[in-house]
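Undergrad: Let chain A serve as the given structure and place chain B on it in line with the hints.
Note that the protein sequences, when read in sequence, are chains A and B. At position 93 of the first sequence (counting the first as 1) the number is 103 in the numbering used here, and the numbers step up by one without a gap. At position 20 of the second sequence (counting the first as 1) the number is 1486 in the numbering used here, and the numbers step up by one without a gap.
One or more of the hints may lead you astray.
[As the list claims (entries may be wrong)] Label pairs and their in silico Cβ distance ranges:
1. A:Lys81 - B:Gly1482: 50 to 56 Å
2. A:Ser83 - B:His1476: 38 to 44 Å
3. B:His1548 - A:Pro80: 40 to 46 Å
4. B:Thr1483 - A:Ala63: 44 to 50 Å
5. B:Thr1521 - A:Lys24: 48 to 54 Å
6. B:Leu1512 - A:Gly82: 19 to 25 Å
7. B:Gly1482 - A:Ser83: 43 to 49 Å
8. A:Arg107 - B:Lys1579: 41 to 47 Å
9. A:Gln27 - B:Pro1484: 45 to 51 Å
10. A:Thr12 - B:His1476: 32 to 38 Å
[To be verified] Result set (BS3-like, lysine-lysine): computed pairs, CA atoms no more than 27 Å apart in a straight line:
11. B:Lys1508 - A:Lys21
12. B:Lys1535 - B:Lys1515
13. B:Lys1508 - A:Lys24
14. B:Lys1524 - B:Lys1579
15. A:Lys67 - A:Lys24
16. B:Lys1508 - B:Lys1579
17. B:Lys1524 - B:Lys1534
18. A:Lys21 - A:Lys81
19. B:Lys1524 - B:Lys1535
20. B:Lys1508 - B:Lys1524
21. A:Lys67 - B:Lys1515
22. B:Lys1508 - A:Lys67
Just so you know, the hints here were simulated from the structure itself, not pulled from any lab data. Remember, it's a predicted structure, so these values are computed and weren't measured experimentally. Don't be surprised by glycine CBs; every beta carbon is placed ideally from N, CA and C.
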Amino acid sequence: DTGVSQNPRHKITKRGQNVTFRCDPISEHNRLYWYRQTLGQGPEFLTYFQNEAQLEKSRLLSDRFSAERPKGSFSTLEIQRTEQGDSAMYLCASSFRGLVDEQFFGPGTRLTVL
Amino acid sequence: AQSVTQLDSHVSVSEGTPVLLRCNYSSSYSPSLFWYVQHPNKGLQLLLKYTSAATLVKGINGFEAEFKKSETSFHLTKPSAHMSDAAEYFCVVSVGNQGGKLIFGQGTELSVKP
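Next comes chain B alone, as it looks inside the complex:
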């Protein structure tokens, strides 16, 4: 069965410093993996997706993630945090053989200090 585990429920960084949000996945199939962001009182927005092409995936707002099959990881990074990055981030796996429903991790809340 497919699942994702986000290793940190809360991450706090200072503005201008790197961001690392960690995610491990479990999948019986070659997975499709996503990172979504949820700002307060706003809908979920897709940051980036991995679909078995390049293992390093670039997304919006300077975020990127690297798919590492040997480590079953899909960590999200950004070189320099901005105040507007403060939000909830979800690592997600698609159950592609079951209609594409999404399995979400528990979420990581990112705080950015000035």
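Excised from the complex, chain A in its bound form:
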């Protein structure tokens, strides 16, 4: 399968714990995006990378959130000291920079913070 993959698919954690999610984009895509989707809402942009450079971070991304894409391939999103408000679906998407950025989405990681 050559689509975007995300791991784990589900994560349940206790408040205050750290969690890390991984995203593997489509191999030739140089842009990678993270979004967050809460129940009944559309996805909201968090951050994006072009190759290994993180070019933009949303104000939604507090200091407890950090994302990396060390070799311009896979990316990780870490949440430190999780809070119940962090419970959401975390979506990753990738695209190849061109005339129009058509983004391909992974299945998401559903985080539940107890």
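TA: Relative to the frame of chain A, chain B by itself:
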């Protein structure tokens, strides 16, 4: 700033009848617009995209959308609904001058009655 407004949070149709999902956009630039579909427990899938070529855009599964600049609208239609069309639909605008991040509408849940 770019934004999209989906005018209906829920639409219910009978199988075989037409579908109309409404979307208005706001953009400072010539926009790139998309419709994505999200089936339960599945990833977001691109239905169609508008990129300043033809104003009537055809997508997958018989869906199409018409870009109307004068009305700042990008409504999604399908002549005949199928049970498998039941899903959440998102109207999306690309912030092309900011790395292509996507701004999603709130979503419209489409129900199809037999």
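Undergrad: Against which earlier hints does the structure fall short, listed by number upward?
TA: none
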